[in-house]
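*Asks:* Residue strings, one per chain:
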Amino acid sequence: MKIIMNSKGRMKLLILAGCFSLFTILQAAYGEDVWRTDFDAACAQSDEAMALSVPELKKAIEQCDRVQKKIEAQEETVRKVYLKRLQMCRNLFVFVLETRMQEQKPK
Amino acid sequence: MRKIFLVVPILLVAVGIAWAQGGMKKKKPLPFEFGSVTINNYSQQAGVPPVVFDHWVHRQYYTCRLCHVDIGFGMTAGSTKVRSVDNMKGYFCGTCHNGKMEHGKKVFASCASEYTREEYNIRCVKCHTLERSAAKENEFFRFSQKMPNERFGNGINWEIAEEKGLIKPIDYLEGVSSKKANLKVTPDFAIKSKVEGMPDIIFSHKKHTVWNGCALCHPDIFMGVKKGTSKYTMVELFEGKYCGVCHDKVAFPQTDCQRCHTKPAQG
Chain A
1 MKIIMNSKGR
11 MKLLILAGCF
21 SLFTILQAAY
31 GEDVWRTDFD
41 AACAQSDEAM
51 ALSVPELKKA
61 IEQCDRVQKK
71 IEAQEETVRK
81 VYLKRLQMCR
91 NLFVFVLETR
101 MQEQKPK
Chain B
1 MRKIFLVVPI
11 LLVAVGIAWA
21 QGGMKKKKPL
31 PFEFGSVTIN
41 NYSQQAGVPP
51 VVFDHWVHRQ
61 YYTCRLCHVD
71 IGFGMTAGST
81 KVRSVDNMKG
91 YFCGTCHNGK
101 MEHGKKVFAS
111 CASEYTREEY
121 NIRCVKCHTL
131 ERSAAKENEF
141 FRFSQKMPNE
151 RFGNGINWEI
161 AEEKGLIKPI
171 DYLEGVSSKK
181 ANLKVTPDFA
191 IKSKVEGMPD
201 IIFSHKKHTV
211 WNGCALCHPD
221 IFMGVKKGTS
231 KYTMVELFEG
241 KYCGVCHDKV
251 AFPQTDCQRC
261 HTKPAQG
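First to last, the sequence lines map onto chains A and B. Each residue of the first sequence is one higher than the one before, starting from 1 at the first, in the working numbering. Each residue of the second sequence is one higher than the one before, starting from 1 at the first, in the working numbering.
Do not rely on the hints blindly, as some may be mistaken.
Listed next, the stretches of chain B that the computed footprint assigns to chain A, with coverage defined by at least 3 CB atoms under 8 Å from CB atoms of chain A [what the hints assert, rightly or not]:
(1) 107-118
(2) 196-205
Each pair of labels, with its calculated beta carbon distance range [to be verified]:
(3) Gln102(A) x Glu239(B): 21 to 31 Å
(4) Glu72(A) x Tyr42(B): 23 to 33 Å
(5) Val195(B) x Glu56(A): 39 to 49 Å
(6) Lys106(B) x Lys59(A): 26 to 36 Å
(7) Ala181(B) x Lys58(A): 17 to 27 Å
(8) Met11(A) x Glu114(B): 38 to 48 Å
(9) Asp33(A) x Glu139(B): 35 to 45 Å
(10) Asp33(A) x Lys106(B): 26 to 36 Å
(11) Val235(B) x Asp40(A): 34 to 44 Å
Hints are computed from structural coordinates only; laboratory data are not their basis. Virtual Cβ for every residue (Gly too), placed ideally from N, Cα, C.
Hey, can you work out the whole structure from these sequences and the hints?
*Replies:* This is the structure in structure tokens:
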């Protein structure tokens, strides 16, 4: 089958291809920013973990779990660095939370 | 006379066993060697000598937390398994050793997939070398001359050095560190000494969190957060657990009893 396309059609196709490429590039760049922003938001609280309430700690742990999935989709070195960093933050939140729970238990 | 023929071989065997079990006294590192870490995960396979990392060079510029949390270096030699490709992508050593960062002078780039013999002799051997370097020793000597003295370790009291403003370790790297809220410092507390007459330990959270943050020690190194729930013995500490993860290896040695056992004895 022969597809005949005039110059207008070619132009439309070119614009469409351009938009698609731009979308792909932006998505990749923006996607990276999103996981990094989420990671920073989760780990930013690690230095004040002792001052967080039980609900805040639970929220921070959930936040870490969500970011973990996004980091797992990144390339090898990023995974290696950021999964370890995230694990340290998460472990700290869990540690403080468990301590809080123990303290709240009736003696 | 016959007894000598019996006693001498027995003594020789006993010394041999002691030697084999590592019973001889461990060699005390020289001041410039204290805190040096040899990393050899992939170097020799790649045909280059292992990396000898000097803590003293780096700790004058950066906090422990920046490298061991934000950059992601493990707390034991070789545990991070850094590859040259990781460095070239700008992670681990390559976070700073990228040929762009400046610290008075430009920080040299860490690794390259291709290099000339000349580059190897100038750049690669800065890290990949097991040979004793007179230049490095001199550099340490010149640096330590300006620093407050300490009896043990590398002979530098880093805590006083920071107090006096002689070193200003950075704790934040743009694009690497997460922006954090102000550090909440937990109060200092005393740990009771088990030996009679030995002053109790005053553990300063403030001194430790300034350089380490919270996540570096809790819960990986110290599990117990409630005072008195964990019992530590000096044997474990000298085996490299708890305080021994840093002290003896990089931070001042645990043989400097008075640095920790500071609580005045009650009369």
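*Asks:* Against this structure, judge whether each hint is valid.
*Replies:* Comparing the hints with the structure gives:
A stretch counts as covered by a chain when three or more of its residues have a beta carbon under 8 Å from one of that chain; for the region 107-118 of chain B and chain A the count is 0, and the coverage is violated. Only residues whose C-beta sits within less than 8 Å of a C-beta in chain A count toward coverage, and the region 196-205 of chain B has 0 of them, not enough to reach three; the restraint is violated. At roughly 28 Å, the beta-carbon separation of glutamine 102(A) and glutamate 239(B) lies within the given 21 to 31 Å, and the hint holds. Between glutamate 72(A) and tyrosine 42(B) the Cβ separation comes to about 24 Å, which falls inside the hinted range of 23 to 33 Å.
In this structure the supplied range 39 to 49 Å holds for valine 195(B) paired with glutamate 56(A), their Cβ-Cβ distance being about 42 Å. As the Cβ distance of lysine 106(B) to lysine 59(A) is approximately 43 Å, the hint placing it in 26 to 36 Å is violated. One distance hint, 17 to 27 Å for the beta-carbon pair alanine 181(B) and lysine 58(A), holds here, with the actual separation near 18 Å. A hinted range of 38 to 48 Å for the beta carbons of methionine 11(A) and glutamate 114(B) is consistent with their spacing of about 44 Å.
The given range of 35 to 45 Å is respected by aspartate 33(A) and glutamate 139(B), whose C-beta atoms sit roughly 41 Å from each other. Between aspartate 33(A) and lysine 106(B) the CB atoms are about 29 Å apart, so this pair conforms to the stated range of 26 to 36 Å. The supplied range of 34 to 44 Å is met by valine 235(B) and aspartate 40(A), whose beta-carbon atoms lie about 41 Å from each other.
Figure legend: structure checked against the earlier numbered hints; hints not met, in rising order: 1, 2 and 6.
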